[in-house]
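Go by the hints and put chain V onto chain W.
Residue numbers (UniProt numbering), protein chains in the order written: chain W, 1 to 407; chain V, 1 to 407.
Worth double-checking, as some hints may not be accurate.
The calculated lysine-lysine pairs, modelled on DSSO-like cross-linking and capped at a C-alpha distance of 27 Å, are [stated by the list, open to error]:
id, chain 1, residue 1, chain 2, residue 2
1, V, K391, V, K316
2, V, K391, W, K316
3, W, K64, V, K316
These aren't lab readings, by the way, just hints derived from the structure by calculation.
Protein chains: 2
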Amino acid sequence: MTAEAILRPVEFHERIIKLQQRMQGQDIAGFLVTQHVDLYYLTGSMQAGMAFIPAAGAAVFYVKRSIERARKESVIPVEPMPSMRVFGTALRERYSSIFGTAAPVKIATEMDVLPAQTFARLAAQLEAAAGHVSLVDGSSLIRQIRMIKSAWEISRIEAAADAVAESLHATVGMLREGMSELELIARIEYEIRIRGHMGMMRTRSYNMEVMTGMLGSGEAAAEPSAFDGPAGGRGLGPAAPQSVSRRAIERNEPILIDVGCCIDGYIIDQTRTAVIGSLPDDMAAAYFHSESLIREAEEMLQPGTSCEVLYDRALKQAADFGLSAHFMGYGADQVRFLGHGIGLEVDEWPVLARGFTAPLETGMVLAVEPKFTFPGRGVVGIENSYLITDKGPRQLTKSPEGLIVLT
Amino acid sequence: MTAEAILRPVEFHERIIKLQQRMQGQDIAGFLVTQHVDLYYLTGSMQAGMAFIPAAGAAVFYVKRSIERARKESVIPVEPMPSMRVFGTALRERYSSIFGTAAPVKIATEMDVLPAQTFARLAAQLEAAAGHVSLVDGSSLIRQIRMIKSAWEISRIEAAADAVAESLHATVGMLREGMSELELIARIEYEIRIRGHMGMMRTRSYNMEVMTGMLGSGEAAAEPSAFDGPAGGRGLGPAAPQSVSRRAIERNEPILIDVGCCIDGYIIDQTRTAVIGSLPDDMAAAYFHSESLIREAEEMLQPGTSCEVLYDRALKQAADFGLSAHFMGYGADQVRFLGHGIGLEVDEWPVLARGFTAPLETGMVLAVEPKFTFPGRGVVGIENSYLITDKGPRQLTKSPEGLIVLT
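This is chain W alone, in the form it adopts within the complex:
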């Protein structure tokens, strides 16, 4: 960790100020922050409750539990959460300049994650508190601010990168023919856990789950899944239908090790491909093409480049290699992106995909994961995570590149 990479309370205040500036630009009078990860990002505490951040002026964190812990952690004042029946009244009393007037008022909240039931209750409370309040979707405001990482955030992602690299190094030598995918991931997970992995990987999208990533061998890795990624994996059954199965790893087939971890809330995403023996020629070639794609992407990971241009370029390259049908999944189960933001959640913005025309910016952290799927045979590829800087990309993932070949 560099000298600058110390978490200062002012960092949270700076994030709140950024959010307030964006709210002012969109004529939003206040933000009701409800999701635990957003609460942590803005206040320093993810205790249970809701924070109200006015477009101007002092924010407050209404906490249900633990108030004691929230008071130690939060950079903004903590108050006991009023009961939902009087929550609107409590807001009107504290923020009379917002709720006490007859003018129409827009209050934002994270409609991408907040359940409809709670949303409806909050909307009714706000409506009761003041005549003309509408609760609108502010999730993109927070997701946009969260795209740009601070020195401290980057230091945490690097700590996670170290933990994964050490764990892969410690376990890959144990890999042998006949070992099950489940046994291999259990060993890796043990290694990341003792290095401080928090025991889960947070996702933002509804229904999307990541255990510690996706590990799969041979045809099991190539089985498609609900997971919005280039490799699904057979999984342990219909109720855990992704990543590892109990399949025994065999010789001369690709072993895809897309395993991350989470240190102090921050996620690293990394993929390496291994083989016991050697890969069939076409899959060996595809693996080396995945390295070519990531080299090409590195050239383009510059402030100002449009996200979708990176994806289009990769599509073109995959076509040049004659691998379009295998790129990022196969057939109806191909996914349509090359990479994604990472941070407190594994599915952050931006996404390297069509429709993401916004330019890359200094401070963004992205996982870039070119992969090729061969149905019934396996998945090969590589994934690195990068920080965008004025001088180009800085690679955060630490494991050596190249196909991992065991005899």
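Relative to the frame of chain W, chain V by itself:
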């Protein structure tokens, strides 16, 4: 697994029929099932998409990905998910008897988990498809059906119970003074993982997370947290503020091991208390009182008993022991329940708490977890999971009871 405990496709159809009967009783014309766990429960597949279940007639699972896998797993027909822009039209064409009339129609969905953003889009689509459609909350319908477990579901919970019991047995001997909480849970997690734990514990409540449970020693276990349970734990920092920390386990303090696992989607919940050396007299007494409370609860775990009566009885007993202030947390951070349903999620119904006046029924599975918190010193207690049967409770957790004493 007993002979009857085989998963038959008809079981999913029976669940759908139960849901249809409840819908008819509430004048609901159809259920749009959106959550992956509910989709698995009703169709046998948790691939990405939405299922429409009419109050009468044939259901359909609209799948985004993977269609191939959903077709192998789902007991109801699978169709490609239409784009959201025409989803209402697609429903109207298939279910003209519901959407093709001018009469008002209620369609249910899981408003307790569905994000407000998607809810709003679906409501607009249904409104466009037919004039008088309202999208209402049906989450309690599904949660009520899910309370009653089948023989196959119970066999999966028992398999999880076996895995946890074996894992605790395999690791508790490694416990020694100076070992960190993190290292202890890493070893237990390795053991449950190689036995088929799916790598995560699913929760239904917004913002609620369970890694593999809650493990904590001495005063770290007694630190309150956002988690809606009787013990929080210090955690690894403000971004992972529950369960284990890096604290070294010491002699003569309680070590609370509330660790479950998840096999084939089904969760077991179990707590044991350990000590290296001996507990201070008051905490040793409190531990034995927690066993008394669970014995008393067992007497009452009968079909027909009101859930809240169990909680009230436990409160009364805790008061008799002079431990009211320590029961299920301390001070402002006490939680107000004695136990909860478990199954595909760790926070299922019913809850043994005030307001849950419904009677226990045969087939319910509950975790009962009397615990006592001593601020600055530790948490002691026990947790077993039980199946309600006509002949009383059948204990599903397998680890021997009693304080685990290491020298």
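A quick look at each hint next to the structure:
In summary, the hint linking K391(V) to K316(V) is supported, as the alpha carbons are separated by about 26 Å, within the 27 Å threshold. Between K391(V) and K316(W) the CA atoms are separated by roughly 67 Å; this puts the pair beyond 27 Å, and the hint is violated. At most 27 Å may separate the alpha-carbon atoms for a hinted pair to count; K64(W) and K316(V) meet this at roughly 25 Å.
Checked against the numbered hints listed earlier, the structure breaks hint 2 alone; every other hint is satisfied.
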